[in-house]
Amino acid sequence: DGGITQSPKYLFRKEGQNVTLSCEQNLNHDAMYWYRQDPGQGLRLIYYSQIVNDFQKGDIAEGYSVSREKKESFPLTVTSAQKNPTAFYLCASSSGQYNSPLHFGNGTRLTVT
Amino acid sequence: DAKTTQPPSMDCAEGRAANLPCNHSTISGNEYVYWYRQIHSQGPQYIIHGLKNNETNEMASLIITEDRKSSTLILPHATLRDTAVYYCIVRGGGSGGYQKVTFGTGTKLQVIP
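Going down the list, the sequences are from chains A and B.
The numbering used here puts the first residue of the first sequence at 37, with every later residue one more than the last.
The numbering used here puts the first residue of the second sequence at 6, with every later residue one more than the last.
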């Protein structure tokens with residue numbers, strides 16, 4: 037089945053460590069996205085990528101970094117510079133057409149202590 | 006992308022129609038209206054989208070006003086499994102701007118037995 041895979045589902049890290057969240061899609065989609073969700077809040081856009089080797093900052097990019105070396109993969113690194121990294125992280129993709137919906141993974145819940 | 010406004014919460018009796026409103030008064034001519042829903046701790050699920058005509062699929066109906074400044078998502082016979090947060094977003098435009106997809110805080114729908 038085609039879809040988006042985020043791993044792991046739960047991730048625990050010590051403060052001061054960088055951590056990379058995985059996002060893989062087999063939908064042959066051009067565009068990919070990372071969102072952050074805090075308890076009781078909506079989704080906030082961190083980074084997005086329209087094509088391979090290109091990506092743009094979203095609304096809350098500080099303390100995060102991404103790469104897009106392959107069409108299928110869009111990993112997100114939460115760096116030690118991110119002040120409040122504990123959150124639910126969601127990855128999504130779309131075909132890139134402006135009238136195409138986003139498809140979401142089931143998220144990674146990151147806890148930093 | 007145009008901003009959307011939704012009520013923070015709504016209740017609906019099981020078996021009745023759930024009508025979820027969304028205001029998007031600054032929508033531009035080439036922007037689509039999309040609806041997603043998110044069940045607790047999962048990724049958002051695409052429901053339906055439309056440009057200016059009313060749309061219906063197996064999950065819901067979307068009614069867009071003639072001036073396109075607001076829309077209503079209709080779940081015709083709500084079940085307990087429809088309890089979720091529903092997000093209305095607008096998306097479209099040229100020059101790649103459509104790829105910056107932003108979400109608000111949505112409407113929490115509680116279906117009551």
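Hints are not guaranteed to be accurate.
[Unchecked claim] Simulated restraints, written as ranges between beta carbons of each label pair:
id	chain 1	residue 1	chain 2	residue 2	range
1	A	R80	B	K74	39 to 47 Å
2	A	Y46	B	G20	34 to 42 Å
3	A	R49	B	N62	22 to 30 Å
4	A	R80	B	S33	20 to 28 Å
5	A	Q92	B	G20	29 to 37 Å
[To be verified] 30 Å max Cα-Cα, derived DSS-like pairs, lysine-lysine:
id	chain 1	residue 1	chain 2	residue 2
6	A	K93	B	K74
7	A	K107	B	K74
8	A	K119	B	K8
9	A	K107	B	K113
10	A	K45	B	K74
11	A	K93	B	K8
12	A	K93	B	K113
13	A	K119	B	K105
14	A	K106	B	K113
15	A	K119	B	K74
[What the hints assert, rightly or not] Covered by chain B, according to a simulated footprint, are these stretches of chain A (three or more residues, beta-carbon under 8 Å):
id	segment
16	46-60
17	108-122
18	134-142
No wet-lab data here; the hints were simulated from the structure.
All residues carry an ideal CB built from backbone N, CA and C; glycine is no exception.
Consistency of the hints with the structure:
1. A:R80 / B:K74: 39 to 47 Å: 25 Å, violated
2. A:Y46 / B:G20: 34 to 42 Å: 36 Å, holds
3. A:R49 / B:N62: 22 to 30 Å: 41 Å, violated
4. A:R80 / B:S33: 20 to 28 Å: Cβ of R80 (chain A) to Cβ of S33 (chain B): about 23 Å, so the range 20 to 28 Å holds.
5. A:Q92 / B:G20: 29 to 37 Å: This hint is violated: roughly 45 Å between Cβ atoms.
6. A:K93 / B:K74: 29 Å, holds
7. A:K107 / B:K74: 36 Å, violated
8. A:K119 / B:K8: 27 Å, holds
9. A:K107 / B:K113: 34 Å, violated
10. A:K45 / B:K74: 38 Å, violated
11. A:K93 / B:K8: Satisfied, since the Cα-Cα distance of roughly 19 Å is no more than 30 Å.
12. A:K93 / B:K113: 28 Å, holds
13. A:K119 / B:K105: 24 Å, holds
14. A:K106 / B:K113: Violated, at roughly 36 Å.
15. A:K119 / B:K74: 38 Å, violated
16. 46-60: violated (count 0)
17. 108-122: violated (count 0)
18. 134-142: holds (count 8)
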